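Engineer: For chain G, the structure is supplied; the task is to place chains Y and D on it using the hints.
Residue numbers (the working numbering), protein chains in the order written: chain G, 1476 to 1826; chain Y, 1476 to 1826; chain D, 1476 to 1826.
Rather than coming from a laboratory, the hints here were simulated on the basis of the structure.
What you are looking at is a predicted structure, and each value in this text was computed from that prediction instead of being measured.
Any given hint might turn out to be false.
What the hints assert, rightly or not - Taking lysine-lysine pairs in the PhoX-like style, the calculated list, with each CA pair at most 20 Å apart, reads:
#, chain 1, residue 1, chain 2, residue 2
1, G, K1754, G, K1790
2, G, K1523, D, K1662
3, D, K1778, D, K1720
4, D, K1523, Y, K1662
5, D, K1740, D, K1764
6, G, K1586, Y, K1778
7, Y, K1754, Y, K1720
8, D, K1523, D, K1790
9, G, K1689, G, K1699
10, Y, K1778, Y, K1699
11, D, K1689, D, K1740
12, Y, K1586, D, K1778
13, Y, K1764, Y, K1790
14, Y, K1689, Y, K1699
15, G, K1778, D, K1586
16, G, K1740, G, K1689
17, Y, K1720, Y, K1689
18, G, K1662, Y, K1523
Said to hold, decoys possible - To give an idea of the interface, some chain D residues facing chain Y are shown, with a C-beta separation under 7 Å as derived from the structure:
#, residue
19, A1508
20, Q1524
21, S1525
22, R1528
23, T1759
What the hints assert, rightly or not - If we take Cβ atoms under 8 Å as the criterion, some of the chain G residues that face chain Y in the derived model are:
#, residue
24, R1580
25, A1581
26, V1658
No residue lacks a Cβ here, since even glycine has one placed at the ideal position from N, Cα and C.
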Amino acid sequence: MKQLLLVAAVAAAIPCVASAQSSNVTLYGLMDAGINQVDQGSAATGGKQSGTRIDSGLMSTSRWGVRGNEDLGGGLQAVFQMEGEVQADTGAGGGAGGAFNFARRAFVGVKGAWGELTAGRDYAPAYWADIAVDVTGYGLYGSSRVFQAAGGLTNRFSNGLFYTSPNLGGLVVRAAWSTGEQVTDPKDRGNAWALGANYGSGPLLLTAWYQAVKNTATPVVETKEIGLGGGYTFGPLRVVAGWGKADPEGSANNLQQVHVGAGYKVGAGEFYGQVTQLKREAATGTEPKATLFGIGYTHGLSKRTTLYASFGQTKNNDTGNFALVNAATAFAPAAAGQDPKAFALGIRHLF
Amino acid sequence: MKQLLLVAAVAAAIPCVASAQSSNVTLYGLMDAGINQVDQGSAATGGKQSGTRIDSGLMSTSRWGVRGNEDLGGGLQAVFQMEGEVQADTGAGGGAGGAFNFARRAFVGVKGAWGELTAGRDYAPAYWADIAVDVTGYGLYGSSRVFQAAGGLTNRFSNGLFYTSPNLGGLVVRAAWSTGEQVTDPKDRGNAWALGANYGSGPLLLTAWYQAVKNTATPVVETKEIGLGGGYTFGPLRVVAGWGKADPEGSANNLQQVHVGAGYKVGAGEFYGQVTQLKREAATGTEPKATLFGIGYTHGLSKRTTLYASFGQTKNNDTGNFALVNAATAFAPAAAGQDPKAFALGIRHLF
Amino acid sequence: MKQLLLVAAVAAAIPCVASAQSSNVTLYGLMDAGINQVDQGSAATGGKQSGTRIDSGLMSTSRWGVRGNEDLGGGLQAVFQMEGEVQADTGAGGGAGGAFNFARRAFVGVKGAWGELTAGRDYAPAYWADIAVDVTGYGLYGSSRVFQAAGGLTNRFSNGLFYTSPNLGGLVVRAAWSTGEQVTDPKDRGNAWALGANYGSGPLLLTAWYQAVKNTATPVVETKEIGLGGGYTFGPLRVVAGWGKADPEGSANNLQQVHVGAGYKVGAGEFYGQVTQLKREAATGTEPKATLFGIGYTHGLSKRTTLYASFGQTKNNDTGNFALVNAATAFAPAAAGQDPKAFALGIRHLF
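Next up, chain G with everything else stripped away, as it sits in the complex (with noise of 0.2 Å):
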């Protein structure tokens, strides 16, 4: 993900041409696949689901994409990125029915010492604070995207208007709207605004967000998305921890989270270990609620190729459905109340 290498396998060498040392343009990517012993508990009618899997994006979701930049003279830069899922195991694509897409990130605007304002599809402002604050970096077992999963937090906006600021003495600010393009009443339906905020200072890291989701029934449930977290670095020890909330218009549904999580460095790798509660409120009955967590070790055979190992087990109560990481059938509970665990074994390279 870090740089593209353009290498022709033939004869005789001719130097790159382009328009001048104020623009690029970067094809770039990673792929990452790995074998997974998947244990979902228990279906209803008794049998135990569990099997072994080749799955993609076991730390980080298999992508590709170009991105560029060109210098407009007097500090303005325009920037343009357009990125899209590639499953590893399957070769599809993140859209339905497997086709690829960009809807990882599509966007294009200017950049200056003002900060960024970009037009399109991109991370909304709480993706970049929760995710600095997940021992994971949203990847692994353990990882506490999950509440995400679950809809606790909106992570990417289409339609929308993206500022961050420049980096302000350690203090990064990121600020988007986006328009759920409804032309009949109620016409806010699918309409969002959204505020984050990164400060880090030596080995110190704190975040925050606030997010206003509306869904696009009718009437409009706007949900209020809040967040913080903060992290700590002691040499090769780095600790993080991070608490969220989504709470809906009206009573007895809000959806929590709290997380704390560590890393140890010893030389080319890192063991980790992240624990996870969730609840998600009920009108009646017993609340839902898991206690997820995962272990696991990274290893860098070079900066672009890590090689990973990775535990996790999600606790249900009697009524919890959370899943291990995410939406995916694969990693749900087989019923309400059990609780699915995997181990992982895999590769991560990127380009």
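Structural biologist: Below, chains Y and D alone, put in the same frame as chain G:
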């Protein structure tokens, strides 16, 4: 859309290597996004349909592609291209369900002193003739491509052979043949052939096209598409005008357009305006008609990056149902007789 | 398909920069299109089904992809690839509804002196063994891949692990294992494993494969796929022969093929011919059989660009329903017992 710069982000420099100076492959594209205030008029039920959108491709369709050529010696070249749409507001592609595909252009062929011959999917001759005399280049509000969207001009052929002549003293002639690939009677379903010509001499531009396009119904209906256009440049001022007609077999079913436009360059920018009249014959009742106009300003921040502002409206008569720019629902009148209008601000970046 | 040349169209020259000589990423592909006269024989209702087509991939499937490797030190490399089909006649991809995806190849892994181990989706061992002894390289008319299309050979696995040995004195062994990822009984649905070997020594080529592929039905049916092949090159002449059998559990359901082909090089061109016999066991009635032949000429305009002419026919017995080249409707017999034939002229360009 002009060039590819391939830059890797890291350490040591090594030269790009190619088989010879005789060949090249280029990754190119553009991203265009903006904010757009659209008013589609009032629905039959009375509600006014209007709203704010973040849209892709308001000036030019966002896209990416790969193209290349290889010198085969003796003045002969192999050529190929593949290009698909990327919606900069959502990341969707141009296919069904938002799938990415290369349906904008996909062909391979050869090129020599005698011209270029390719096989595949590409623009029809009428496209090259008509776009040259549209002051907006089929972009921004006021574009006469509403005629195309309404069925007046077939702008691409699949399963085609495409010939483009060399530049013969300013004249470029294009011919295309496309097969409907039918194996059962009537076997001519979907067949088409077309001719087009663009002539340029100093400030003067003249274009013409004729296309015979058969549909896939039984019995087959052939539509004759014919058009003429011209333009003239007086220093910073350019004026264009065009006329087109689609005439399906049968009576009282013509669709016609006539348009005139002008652009005036001021420094790195250009002001433009264009008016188009559309008329569809009707066997009975009032003929649907519309007058479409648009004005705007484009400002080049560089050769590759352009800011734009554009306003346009389509004024339909009582039975008129013509859209503002293309077939998209978002730009159609809310009901027959309504006058959709919109104002957009955006940025287009070529790479 | 051999190399990437990255050239930008404009002014100043700057060198491409890469992280080190230790890594590279290549964008590659091919576009193949031609004109094709197809006769599928007569439908049951009597009408002759024939027509003219512009087709993609008559010699090789049109495609593009990205592949790369990184030197990890100690003789170890990281490798990855993603590749998808592009239909050069329509721009469609290889997925449902014409969506582009990377279902041709998508994997990541490591490579060393001990061989290569990858995870993802890739060719099955039988593919590498069988294509090596098809005189057309699974392209053009007369290709024995009709056997594959009829269910005789599984040519790709998703969710697989793939091992390729180093070249051991001319011998390359491949092994693959693929999981059906089932979590409910019978859990072995969709599982497969496979072995293949290609041996080359001077003019001699020998290949063999064995694949055990389970379907996803209940109860599971396993098909044993087995084959052998050989080739020999005498100066400008090469001859190939192969045999294959797919044997599902149960009786009287085998599918077998045997083929022999030859190619003769004349300057930059090659004439070829190949005959294949196909036979499917039937529990009752006449066994479906076919004799498939094809002849053609390929002419290299360069290492990357080839012109081709090819004719072929599949002669089915009364119950035979074998296609001309692949599973596409356009190349199937109009009815059982019909003899589809076609003649194509085209161009293939690698990049």
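Engineer: Taking the hints in turn, state whether each one holds.
Structural biologist: Hint-by-hint comparison with the structure:
no.	hint	result
1	G/K1754 with G/K1790	holds (12 Å)
2	G/K1523 with D/K1662	holds (11 Å)
3	D/K1778 with D/K1720	violated (35 Å)
4	D/K1523 with Y/K1662	holds (11 Å)
5	D/K1740 with D/K1764	violated (32 Å)
6	G/K1586 with Y/K1778	holds (17 Å)
7	Y/K1754 with Y/K1720	holds (10 Å)
8	D/K1523 with D/K1790	holds (16 Å)
9	G/K1689 with G/K1699	holds (9 Å)
10	Y/K1778 with Y/K1699	violated (38 Å)
11	D/K1689 with D/K1740	violated (42 Å)
12	Y/K1586 with D/K1778	holds (17 Å)
13	Y/K1764 with Y/K1790	holds (8 Å)
14	Y/K1689 with Y/K1699	holds (9 Å)
15	G/K1778 with D/K1586	holds (17 Å)
16	G/K1740 with G/K1689	violated (42 Å)
17	Y/K1720 with Y/K1689	holds (16 Å)
18	G/K1662 with Y/K1523	holds (11 Å)
19	A1508	holds (4 Å)
20	Q1524	holds (4 Å)
21	S1525	holds (6 Å)
22	R1528	holds (5 Å)
23	T1759	violated (32 Å)
24	R1580	holds (7 Å)
25	A1581	holds (4 Å)
26	V1658	holds (4 Å)
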